Amino acid sequence: MATVSITTTADGDSTTTTRRTGHSAWRALRRNRWGMAALSFLGLVVIAALLAPMLAPHDPQTQDLLGRLAPPFWDADGSAAHLLGTDHLGRDVLSRLIYGSRVSLLVGVCAALLAGVLGATVGLVAGYYGGWADRILMRLADVQLAFPSILLALAVVAFLGNGLWIVIIVLGITGWVAYARVVRSEVLSLKTREFVTEARAIGVGDRTIITRHLLRNVTAPIATIGTLQVASVIVAESALSFLGLGVPASVPTWGSMLADGQLYLGTSWWIAVFPGLALMLTSLSINITGDAIRDATDPKAYRG
Amino acid sequence: MTDRRRAVLRSAGSKTLSALIVLYLAATVAFLLVRISGDPLAMLLPPDATQEQSDEMAATLGLDQPLIVQYLDYLGGLVRLDLGDSIFYGEPVSSVIADRLPATALLAVTAMAIALLIAVPAGIFSAMHRGKAGDKGIITVILIGQSTPAFWVGILLVLIFAVQLQVLPAAGYGSVQNLVLPAVTLAVYSVAVIARLLRSSLIDVLSSDYMRTATAKGYGPTRAVLSHGLRNASLPVITVVGLETGSLLGGAILTEQVFGWPGLGRLTVEAISNRDLPLVQGTILLFAAIFVVINLVVDLSYSALDPRVRLEK
Amino acid sequence: MAPDARRWSRRSALRLMGACIPAAALGALAGGCGSDDAGGSGTRVLRVSQPDDPRVLDPQKQGDMPSMNVLINIFDTLTGRDENNELVPRLALNWEPIDDLTWRFKLREGVTFHNGEPFDAQTVKFSIERLLNPETASPIVELRYVVSVTVVDDHTVDINTDQPDPIIPAKLSLFGGVMVPPGYIGEVGDAEFAERPVGTGPFQFVRLQRAVETELKANPDHWAGPPAVDVLFFKPIPNAASALAALQSDEVDLVTGMVPDAALQLEGYHGIENNSYPGIRTSYLSLDTEDPVLSDKRVRQALNHAVDVPQLIEAVLNGHAREVPTMIPRESFGFDETIEPYTRDLERARALLAEAGHPDGFSTTLTASNNDAFVAEAVSGLLARVGVDARVDLLDPAIYSARLTSENRRALGPIYLAASTGWTLDGSSNVQSNVRRDRRQSRWTSDAADALIDREELTVDPEARLAAFSELQKLLKEEAPFVFLYQIDNILVHASGVHWRPNVTGSLAMERAEVTT
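Chains as they are written, first to last, in full-length UniProt numbering: chain B, 1 to 304; chain L, 1 to 313; chain Z, 1 to 517.
To be clear, the hints were calculated from the coordinates, so they are not data collected in a lab. Every value quoted in this text rests on a predicted model; they were computed, and no experiment measured them. Don't be surprised by glycine CBs; every beta carbon is placed ideally from N, CA and C. Treat the hints with care, as some may be off.
[To be verified] Ranges of calculated distance between the beta carbons of each label pair, as one might list FRET restraints:
1) Z:A191 / B:W132: 50 to 56 Å
2) B:S250 / Z:N275: 56 to 62 Å
3) Z:P359 / L:L165: 57 to 63 Å
4) Z:T405 / L:V69: 27 to 33 Å
5) Z:A137 / L:V69: 25 to 31 Å
6) L:V298 / B:T197: 54 to 60 Å
7) Z:P359 / B:W165: 31 to 37 Å
My request is simple: use the sequences and hints to build the entire structure.
Here it is, written out as structure tokens:
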């Protein structure tokens, strides 16, 4: 839903559609202090996810019932063996946190990609061809928007089972509308521009125009939305896990850690607080990065 | 004048018609959704139940009919507001839902009111002090609000206000203080979205030629914003308020779970975990219907508010 | 003194702010508003939380804990259990077997239902016949050997069975012995009765607002005298963390159905007490003895040696449970104290697995209800120590119980975590549905066991029954068709002003509860 704000600034003003090149965008991004901080944090999360087996000090599933609910190392009762303490079954919180980043990133990135491919395709087709195709596709978008995505995800997961890929596909399918609307409105203005009308005049096929000319010009908004969507998918996945309907219990996720830890907030706060923080900081960093990318690639938005 | 009125009416008519079409499609989606597993019985019965059990269950749910017959029955029922009987409660779905609807309506309306009360001043302030410390502070808070999952906000609020300070109850239903924490929890995300949008659209309006003229005419910046800018900037905000209904309802599912709020969100989660198919179907449909109706209202009032909105399309 | 004063100020402060939402607020809260103050000042109110709402308020058409916990306060049974678990008179004053197939009950006189309708022998006949009537479709099965009720005089009845049933008086302390009003039901019908139940119990039904609360009020004319609480609320709070927070913020006074770790959270908390009382809910792992791996007795014994129950109790359940040697809990008739639990011995377990051809262990699935996720994961962790990789498969409670009670005995996979509450405090309750091969949850075929079940179920002589139970427990231990775990305590977390203790069944009969402020 957050992406609505972007669509409203793109009202087809003909002077602003030129995008900065990737190079200068990167330079603009580097000047953004928060943007760089966020990007660095995300880098850490990505490294944690990729190298989890090497970085995690313990197996995330191994229990130590006699050593459960141990506090983080800085507490008098804590120890260096479990830097962030242990959970209610004596599992190492830090290791679970590191492994949990895998699920969050995998689900976030894959679902956002899936949504991007679906949404961009719909947006290109609807915008370029117009007419009935446009009307039907946009009506479908209205229908999709009418269902809170968490509700659809809950129902589908409950009925189809809670595999990792089912979660990814459901969250991917529920996220296409934002892309479709933005891409469509961009295409509507692009297709009246000279390079498109000329290409058409000299007999270039529709498919070539769409893939060669239009798609290239909508990559920047797609990237912005995609980035922001990774954050909302990560939050949605954790919500499913929190409700006990996410990926199976045998995989540690931030959402299920939070759900497990909720009961222990009074005494063993670290079980829920660390995954909560990880979730919030990751989502925050992605949002900041997304904003920074938009500011860097869209001179008009940069004004704001 | 009469032409214009006719045009307004025609436009309203076509908007209502397309809302009805969306509603019909949504009803179809809700119908298909509870049947996507191929065999809804598989959820209710053990993996290899006897044929007899399976048949009995199928007959109870009307699942022994061909899909198209079930579909027509379902649509026929909808017209009479008959959504079937809940398996778990043994009562009509419509009456189970009616029991829970007020709680969710109260929660969502309060949350939206809180969101507007905070977001509108924050957005205006931020836009007028663009780039200054206050603006940056607000943007930061907005980003944090947008990034924090509702259930995490709820858990933290309970920890602070109910468990530590003991000034507000953590659960329960029935009086003002019961409402505070759930409504604030639910409002957080909408505050962020609305403030952010208001800020950016106000900035757009403020830098337009016509506002520059207003300022040049000697209006102070505050007066210029309040008298001209806000009116123009409010239109996208109204649209977003409509669209936000969706995320409010989605957020209500989680918020109600954290606070044990006796509304539709909790009912839906219970129905899903009980595999109460008719009830799940009914609640999903209702969520969609609320969204469609509110957005239709927004849409209609939008064209009434803004003479510039073209009546065609 | 001090803690109470503080609680009061907290409560008053909340009340002060608790001005009702104006009726204009969507009219949504009509009826809910200010209900805590029902009856004004001086009213003794007790607010009890449990995980769910009662599902059905017809006492003969329900079988779930939340419903039983509410209904036991509205209705009376013929016999009852006191705090010391002794069978005591309620609506029946005394009883005796007249012959192998007949039990005679003498009834209490002068008892009336909440609507004024008198209770007598005709009521007993009506109630039990309604329960047995197939049209009632009652889930209550205890009275399966009862064929009829004979009215001897106004206050004497004979209960006739088609097989000797030694524990009829114990069974009538449960919902099998619940007394319902014939006149009222005849007048308003079953549906209305389930909406507005009328009983003879210590509390009268006031209203049920789903997902919010069930309200009951004291029955001033109860035969045992009026209860010490004027208004009794049951509030459904599914989430343990929310229930504790509700207790801390004074939304409820007594939290029930808690796992031991939840109680730990409020240990030493100002104005709140934790108490745990012995319970008889007995947990076990059911093993599919026809599973290719589990069909070997040595494997089943190895699992029993591997699951370190004392450690599970000490570490995970914070000591709030007692190890149980086989399936019969200590308080139940038939428990043989000479039988020792399995020794917890990983070496022995590994050796047995190796003997059975699994030197490196094996992979399997452990199914459990979501509500028991915690214990299931801990058990899986304990099994991992001997190389048994038991993947935990968690099901929503509704799905779990549907599969548990289905005809398909493999619906929950090779190993599942289950528990039974022997409501009658007779060993037969704990083994009635999972041992004899024809019973729904049995996954074991043993001629010896079937014969022993027949002996304890169909003999009236207590000595002969004890002997049968003893042999059965020895056989269970040797053959290990289950992994025997523990009997869990009943844990109560409550405001310090609440005075009440449950009996071993843990049911929430609040007749004797007192509140002081």
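Tested hints:
Remark: the range hint 50 to 56 Å for Z:A191 to B:W132 is upheld by a beta-carbon distance near 52 Å. For B:S250 and Z:N275, the Cβ-Cβ distance of about 36 Å falls outside the hinted range of 56 to 62 Å, so the restraint is violated. Separation of Z:P359 from L:L165 is about 58 Å and conforms to the stated range, judged on CB atoms against 57 to 63 Å. Distance hint check for Z:T405 and L:V69: the Cβ-Cβ separation is about 31 Å, which falls inside the suggested range of 27 to 33 Å.
With their beta carbons about 28 Å apart, Z:A137 and L:V69 fall inside the hinted range of 25 to 31 Å. Between L:V298 and B:T197 the beta carbons are some 36 Å apart, a value that contradicts the proposed interval 54 to 60 Å. At about 35 Å, the beta-carbon gap between Z:P359 and B:W165 stays in the expected band of 31 to 37 Å.
In the structure shown, a violation is registered for the earlier hints numbered 2 and 6, in ascending order.
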